[in-house]
Structures are given as structure tokens and as C-alpha cells.
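As they're listed, the protein sequences go chains V and R.
So for the first sequence, the numbering used here puts the first residue at 119; every next one is plus one.
So for the second sequence, the numbering used here puts the first residue at 13; every next one is plus one.
Watch out, some of these pointers could steer you wrong.
As the list claims (entries may be wrong) - With a straight-line Cα cutoff of 16 Å, these simulated EDC-like cross-link-like pairs (lysine to aspartate or glutamate) come out: (1) R:Lys142 x R:Glu38; (2) R:Lys39 x R:Glu129; (3) R:Lys39 x R:Glu163; (4) R:Lys29 x V:Asp173; (5) V:Lys280 x V:Glu207; (6) R:Lys24 x V:Glu297; (7) R:Lys42 x R:Glu202; (8) R:Lys154 x R:Glu129; (9) R:Lys20 x V:Asp173.
No lab work stands behind these hints, which were simulated from the structure alone.
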Amino acid sequence: MSPVQTLLFAGDPLFSRGVDLGVVVIVAIKVFVSFAVLMVSVLFMVWFERKLVSDMQNRIGPNRAGPWGLLQTLADGIKLFFKEDLLPEQADRRVFRLAPYLSLVPAFLTFAIVPVGGVINVGTHTTRLQLADPPVGILFLLAMSSVAVYGVMLAGWSSGSKYPLLGSVRASAQMVSYEAALGLSVAAVVLVSGSLLTSEIVAEQSGGLPFKYNLFRLGFVPFAIFCLAATAELNRPPFDLVEAEQELVGGFHTEYSSLRFALFFLAEFMSTVVMSAIIVTLFLGGPAGPAPDGGFLGAVVPIGWFLAKMAIFLFTYVWLRATLPRFRYDQLMDLGWKRLIPLSLFWLLVLAGMRLDRRYGFAVFLGGVVLGAVMLRALQIGRATAEDEAAPAPAFGETS
Amino acid sequence: MGYFDGFKVTFKTLFEKRVTVEYPNEKRPKPERFHGRHVLNRYEDGMEKCIGCELCAGVCPARCIYVRGADNPPDAPVSPGERFGFVYEINYLRCIHCDLCVEACPTEAITESKLFEFSFTDRKDAIYTKDELVVDDDGRPKKLPWEDWREGDDQHTSAWVRATAPSGDARYEGRVQWSGELGYGVRPPEPPQSGDAVPAATPGPGGEEA
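Here chain R stands alone, though its shape is the one from the complex (with noise of 0.2 Å):
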């Protein structure tokens, strides 16, 4: 019956499960270290963890990050440290969400959320002011009008900086090297690298590098 199995195939696919998912409607969960809109994040007590180094702007491919840091001022301190982010803007007509910024902050000071769905229709809010990107008072990303968060977006800003190791040493995996912020405090890493989920594939700590 070789001239009918098309029809059989054809038939089948009838009562099959779709495996489309209608977008805006609903949303299929967006990877964990998704690359979204950045935020800056904060200390558990507050204090911004942006020094104003400058890196990200140094690295940044796209050119879009400008920085300009500023000595602290002595009786009230932005920052722990000499220096703060006094600007912080990002334009997100150029940025490509490489997170380049991510890896080069030595302060986890710069993470990326997951949210995606961000169309301004205005050319001057594309650039994000350090007042749009720094987390609020409970540690979660500012809402701005035109932007559309999910369930749980806004929960998960650093998922890249606790899935990697610093500097990328293997040795690290599995060990808390980051700092606490705020609202969450120090957070565990992330389950595919805390080293019990795949015992045998991930030497542990003080082990050689593959």
C-alpha cells in the first residue's frame, strides 16, 4: 500500500499536539541565563555595587554603555569603596546583549534579567539612565511603562554570574564566589553547576582543569 502511507502520515498528524506556542498569548519559559534587559544591582544593605570602572564601557562591542564614575561623597557614601557610577546609561538600539559587560564587572555590579519585550516607540527612551537600570528598594528591576514582565522575570537578574565560576576556573565550580544582593542575600548556584546534579562530569573543588 505504498501509494496510501502519505495519506496514513497526513492523517495522523491530524490528532498530533501542536508545538507552536501562541505567543503573545502564552510564553514559553525563557532559558536561565537568558540575556534580557540589564539592571545594576545593589548591596544587601543598600549600597550600589557599581564603582565606576568603567569596564563594561571598555569592553562593550556595541559601544553602548556610557559610564562616568565619581569620588564618594564621605558623608554619604553611594558605594563601598572610593568611587560610584555617577552615569550610567545604556542604549538599547545598540546593544546586542552579548554580555561582554556581565563577564568584565568585577563587582557583579551589571547583570542582565530576562526581560525581552521592551518596545519603546520613543528614540529617547532606548537609552536607559542609571536611575531605569538600578533595582529598587526590594532588590527587583524597576518597571518601566512600555516594558512587559513576566511571572518570575524580574527574580532571576544573575543567573550568568551564579553559573560561572570567576574568571571561568573550573576549580570554582559549585562555590559560592559572589557577592549578596539585594533582597535575595547570597544566592545558592545555579543547579546544573552546584556539583551534586552531575557528580560525575564535574571534578570538585582544588581538581585539575579538563
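Same shape as in the complex, but just chain V (with noise of 0.2 Å):
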């Protein structure tokens, strides 16, 4: 070992087995790369996201800066950077200045165990595109978005201002409800794939027809909730309640101006496009595709199969905010506890059962069907019973 390696080392004896200077040099290019790709991937889903909107509503929308208006995002934070940082009298200064970092730093952290591509070799050294794969795996990213309430939360609480705050319970609540039907989808993954590794989960569903992918093998049921739940997760239209611009004037953010602010629109479209990786990883197979082997190209089509998938969340994501209205609040938490959480534990029963052998699966599946309708049942006269019981005349607002 060289003079220089044992310095570089000498800190940390995990790096002393097998680990040359080689491998730290690329794991740094692999953290800036990341890094520069994500922030720029930002900049262009926010251009994206304002050209889309104002497409969908027939304007002609951000074209000053640069060709189409692509630079529009880059103006917007130079100018931002320059306005007056405001810290509220009433506000909690260190909470106030913290919130920001842990609403961000979380969305780039999950990005790290997203793999992007295949194997590639550089040099004599064989890495994946991915930044890290813990053994942990998947159960980061459930790890990462709840700190990413704490974010919103905390933003919103030390703002000393009644809006922020109302935003960040709603935040909150919204957030941890969703957070169940998430992990109950994601739960559904990590049972049929039995790895919690998102590199192998990854590898399980490439190679072969599209049919091998999550999104048909699990069917459809924890696709479908976990893109709910994530874009209520991420606060995006039609469950962005928490930064309701009518109501609460933006919500946990109302307080913060300058870059502070930016920090928090950074934080938000990055996770946008963080949780369309997620994804992608989770359901659609990653960069999996039809692609040659090795070369330039076997490195580059997957990286372009990856986008390509990821373009869809995307482009849907802005589909979903320039057509759908806000949810009430209390649509959101029916929606989260009396339909997508009974939803995912009966369907990850079911897959548990088909697991086990089919016949189980479709007994499962039938019972939980059965069941499901002889509660509603009871629901609906129960309801009936309560509406007859009570006063002539309903409450407003009250249907029939």
C-alpha cells in the first residue's frame, strides 16, 4: 500500500480490504455525477412541468430564456439567490434554517439506490450504475421519505405563522397515512421479487418479455397504489392540500423567501423525478430492455430505456396537475385509510397466497372479495339506519 492509500485509509478500516485508489475515484465521480444529473434533471422537469401546464391550458408558457425557455429555471434561481432571505420574528431560528436541508438532502439520498443502468467496466474495474446498493435496499427509500416529513413539518411549525402551520398537519397526516399504503405496495415488491436489494429486483424482472416486468406480475393492484400513494408523498396536484396556493398560501413554505424557497421547489421536483425512478425501478424493470451486449451501446440503450420509462411518470405527473382538482380533506384521508390501505393488505394476501400454491391464492382472493362486499353491505345500512335515526332535517352538506 502506498504512503498515499494509507493516508486516505487510515480513517476507515472497512477500506482496507480489497479497496484501492480506483475504486474511491470512482465512487467520487459516481457521487458527482449523480449529483450534477440530478440537479440538472431538475432544472429541466421544472421547465418541463411549466411548459406542459401551459400547453394543457392553451398558453404558450416560459420562452424567454434560452431556446424554448430552457434556461428559465436556471434565471428563476439566480433570482431567487439574490432576494432577501426573511427569518420571521415569531420563528424557531435553528428548526426555521434546518427544515430546507431535511426536505432535500432525503430526495437526493434515495436517488443513490436507484440503479440507472446495467454493469459497465472501467478500466479493470466492473461497477454498477448506482450510486449505492445497501443491503437495506428498498426499505431506504420508505427510511428517506419519512424524514422527508420532518422536512415539511418542521418547516411549517417553526414559521411561528398560523398558514405554515395548518400546511405542515395537514403535511404530516397526509404523509404518514400515505406512507402506509407505499410500504404495503412496496411490501408487495419485495415479497415476489425476495430481495431487498433494488439491484436484484431490478435483475428479476429484465431480461425477457415486458410481462416479466412488477407492474403486470404483481396485477396492476400495487402499481396502481403505489403511484397514488407516492403522488401523495410528493404533495403533487391532486393531493397537494398541504401547499394549497387558495387556502393556505402556499402552506409550510408560506415564511420562507430567497433560497431557502428554492431550496424547498428544488426539494419538491426532485423528488418528483426521484419517485418516477423509484418507479420505474419498482414496477417497469429499470433499465431493463432489449439492448446489445457490452460496448458503448450496452452501456448507453439501458440509460435510455431507464428515461424513456421514467418520461412517462413524468409526463403523467404534469398531466395529473393541469386535469385534476384539489381533493377535501377528508377525501384524501378516506381515500388513503378506508381504500388504498385495506386495498394493499388484501392484495399482498392474496399474492401471499399465490406464493404459497394457487388454489390458495384464488381462496384468498375470493374470500377477501366476499368479505370486502359484506362489509360494504353493513356500511351502507348502517348509514341508512343512522340517517333515519337522526333529525328531519340533515345536516348541511349531507348527501341522501
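Reassemble the complex: the two chains are provided individually, in unrelated frames, and hints are given to aid placement.
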């Protein structure tokens, strides 16, 4: 070992086993590249969203800065950079300053576990186009999205103002409730793939027809639930009542300005990009797709597949925003607790039964359907009885 | 599929033609009788039409016009007749472009062009003097440095006059009652008012008023 390396690894004994300078450099490059790529993709995602929404609303959208307005986000960023940084009188200063990073950093970290491409050779080294492949794998995603809740919650709480507080109360309730459905549909993926490693989840789906994708193997339901829950988790329309402009004046980030606001803005769009990447990884086989073996093309084509699949979801997110009105708070909670969570639990049971034997699976399925129907009927009768017993004039807003 | 109708609408809109005009780069055609910056017209022989009667100043609701008449010098008359507009100033910080001055003018001396993009940066520039308002020897309005004239704007400076019969009398619709202008001669009536464009709706000369 050269003196330089000894110096490098002196602090960390884990590096001393079979790790040379090349590996460290490769990891450093991967960190740098993924950071840069993510930043640039967020830049263009913001532009893409604004442009597409304006197209869907028969407007022109940003077109001043750069060709087709591509540099609009950059211009906005520079503008925000030079704005005054306000700190409210009533704010809890330390938490107020910390909160934006709490929502930005998890978005970055989540991207680390996404396999963007296959395995490539760099000189004598072999490396996967994935920043990190920790053994906890997809659990890392759940951990990070839970941390992101803190960012939003603490931002609203520390602002010392009523609208941000309301927004953050909504946010924490919403994100926590939808995390359950999110986790249960991830559990379905893990159950079938038999591994927590994202690289193995992807490897399991690749090779062969698209029918090997988890999207089809899991019977579409976990995918749909994951997409819905992810949208709620991201606080994107139609679940954006956290930052409802009309009622909460922006919600948790009302009191934020300048660079701190930019960080929130960045975090939101970065989460959107990362969540699309996660959906692609979990349900659409990540970079899987027909590609030549080895060589330059063999490395690039899978990345192309990955990006193409991701683009579908990015488009869909914008499409949702352009189309759907915002949910009411009780509707949101109804959908989360009364529909998505029971449905994903039920589907998890069905999948578990299928793993054992096809007959068990169908038995659980039928049993679940019958039970569900019975419960729905019971609810109906219960509601009707309650209405009969209630005063002759029903309360305002109640449907008969 | 009621739930998904909305998605169809937004997706279709994606491919629809935009109605927005990107203003500074491209401009929508202006209406025929647009009320823009004024011009002071001249007869075909080069004489000024303004006779300094001050009717425009009198009728102006914004009081932005200042006129002083003077007797024509006998050896070098500025306008046909006794008097001419010696001083003529319009303050565009006050003008509301109501066109009442154009209606009041007995000689069609003052009309409005289609120019509205004249953002001066000095209050003094807001007051247009007679030199700036009178058309040049080709009958075109003078182009001041801060004015943004577009193709054709300077040619249609009297559409309002040509569209309206004298005193608003419908019997005179489609009949030329106006004098010639320097550079253009006697202009024809405006198309929608010319009688044959909408024959059924317009009574001919001599018809009863509606």
C-alpha cells in the first residue's frame, strides 16, 4: 500500500480490504455525476412541468430565457439567490434554517439506490451504474420519505405563523397515512422479488418480455396504489392540499423566501423525479429492455430505456396536475385509510397465497371479495339506519 | 368513463393552436378605426387643413389640446381661408384618445393614426407640438425617435373620418364627403361603409333614417 493510500484509508478500516484508489475515485465520480445529473434533471423538470401545463391550458409558457425557455429555471434560481432572506420574528431560528435541508437531502439520498443502468467496465474495475446498493435496499426509500416528512413538518412548525402550521399539520397527516399504503405495495414487490436490494429487484424483472415486469406480475394493483400513494407523498396535485395556494397561501413554505424557498422548490421537483425513478425501478424493470451486449451501446441503451420509462411518469405527473382539482381533506383521508390501505393489505394477502399455491391465492381472493362486499353492505345499512334515526333535517352538506 | 374525460380534454388541448400572440415580436393587425396618435393633415396642394378654430380644444374632455389661431399672412398663406393653427399642442399624458376632436373638426384637419406604441421617457416629449403633428411632404406622419411605427400604420390615418357620414347622417353613407389629403388624394369610403359590401342592411343615399 502506498503512503497516499495509507493516509486515505487510515480513518476507515473498512477501506483496507481490497479497496484501492481506483474504487474510491470511481465512487467519487459516481457521486459527483449523480448529483450533477439530478440537479440538471430537476432544472429541466421544472421547465418541462411549466411548459406542459401551459400547453395543456392553451398558453405558451416560459419561452424567454434560452431556446424554448429552457434556461428559465436557471434564471429563476439566480433571481431567488439575490432575494432578501427573511426570517420571521416568531420563527424558531435553528429549526427554520434546518428544515429546507431536511426535505432536500432525502430526495438526493433516495436517488442513490436507483439502478440507472447495467454493469459497466472502467479499466480493470467493474461498477454498477448505481450510487449505492445497501443491503437494506428499498427500506431506505421508506426511511428517506419518512425523513422528508420532517422537513415539511418542521418548516411549518418553526415558521411561527398560522398558515404554515396548518399546512404542515395537513402534510404530516397526509404523508404518514399514505406512507402505509406506499409501504404495503413495496412489501408486495419485495414478497415476489424475494430481495430488498434494488439491483436484484431490477435484475429479477429484466431479460425477456415486459410481462416479467412487476407491473404485470403483481397484477397492476400494487402499481396503481404505489403511484397514488407516491403522488400523495410528493404533495403533488391532486393531493397538494399541503401547499394549497388558495387556502394556505403556499402552506408550509409561506414564510420562506430567497434561497431557502428555492431549496424547497428544488426538493419538491427532485422528489418528483426520484419518485418516478423509483416507480420505474420497482414496477417497470428499471433499465431493462432490449439492448446489445457489451460495448458502448450496451452501457448506454439501458440508460435510454430507464429515461424513457421515467419520462412516462414525469409526463403523467404533470398531466394529473393540469387536469385534476384538489382533494378535500376528508376525501384524502378517506381514500388513504378506507380504500388504499385495506386494498393493499388484501392484495398482499392474495399475493402471499399465490406464492404458496395458486389455489390458496384464489381462495384468499374470493374470500376477500366476499368479505369486502359484506362489509360494504354492512356500512350501507349502518349509514341508512343512522340517517333514519337522525333529525328530520339532515345537516348541511350531507348527501341522502 | 366520466373520470377520464378531463384527461382527454387536457391532452387534446396540448395539440391545439395557441391564441396568444407574442406581442413584442409579432403584432395583431389593428382595427380599421383604431384611435392612436394624432396627425394634422394637409390638402393635396400642401396647404394645412387646420384653421385654428379651437373646436377640438373646446370639445376635448381631457383638456389636452392647446390651440392658438392666427391670421394667414397674405403673401404666404399656411391654410386656405382666413386663419390657421399657429400653435397646436397635444399633451399625451392627458389624452384619452376619445376621438371627439376628430369629430369636432370642421375641416378633417386632425385625425388619428394607428400608432399607440410611443413611450417617451421625458415629460417634455409627451407634449407634441405642431411640428411633430403635421404630416410631412409625402402626407406621412413624422416618425419621432421613440415611436414604434409598423408597416402600414402611417398610411391609414383617417379611417374614422372616411367611415362616417357627415354629422352621422345615414343618408350620406358610402358617399364621399371629405376632402383630399396630401399624398393620397381623395380616399374612397371604407369597405364596410361603401354600400355594396352590405347592400341589404344599408339604405341608399336619400333613404329614410332608421
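Checked hints:
1. R:Lys142 x R:Glu38: Violated, at roughly 32 Å.
2. R:Lys39 x R:Glu129: Between Lys39 (chain R) and Glu129 (chain R) the Cα gap is close to 12 Å, so the pair holds against 16 Å.
3. R:Lys39 x R:Glu163: holds, 11 Å
4. R:Lys29 x V:Asp173: holds, 10 Å
5. V:Lys280 x V:Glu207: OK: Lys280 (chain V) and Glu207 (chain V) at ~13 Å, within 16 Å.
6. R:Lys24 x V:Glu297: violated, 34 Å
7. R:Lys42 x R:Glu202: holds, 15 Å
8. R:Lys154 x R:Glu129: holds, 14 Å
9. R:Lys20 x V:Asp173: Status holds; Cα separation ~14 Å.
When each numbered hint is compared with the structure, violations occur for hints 1, 6.
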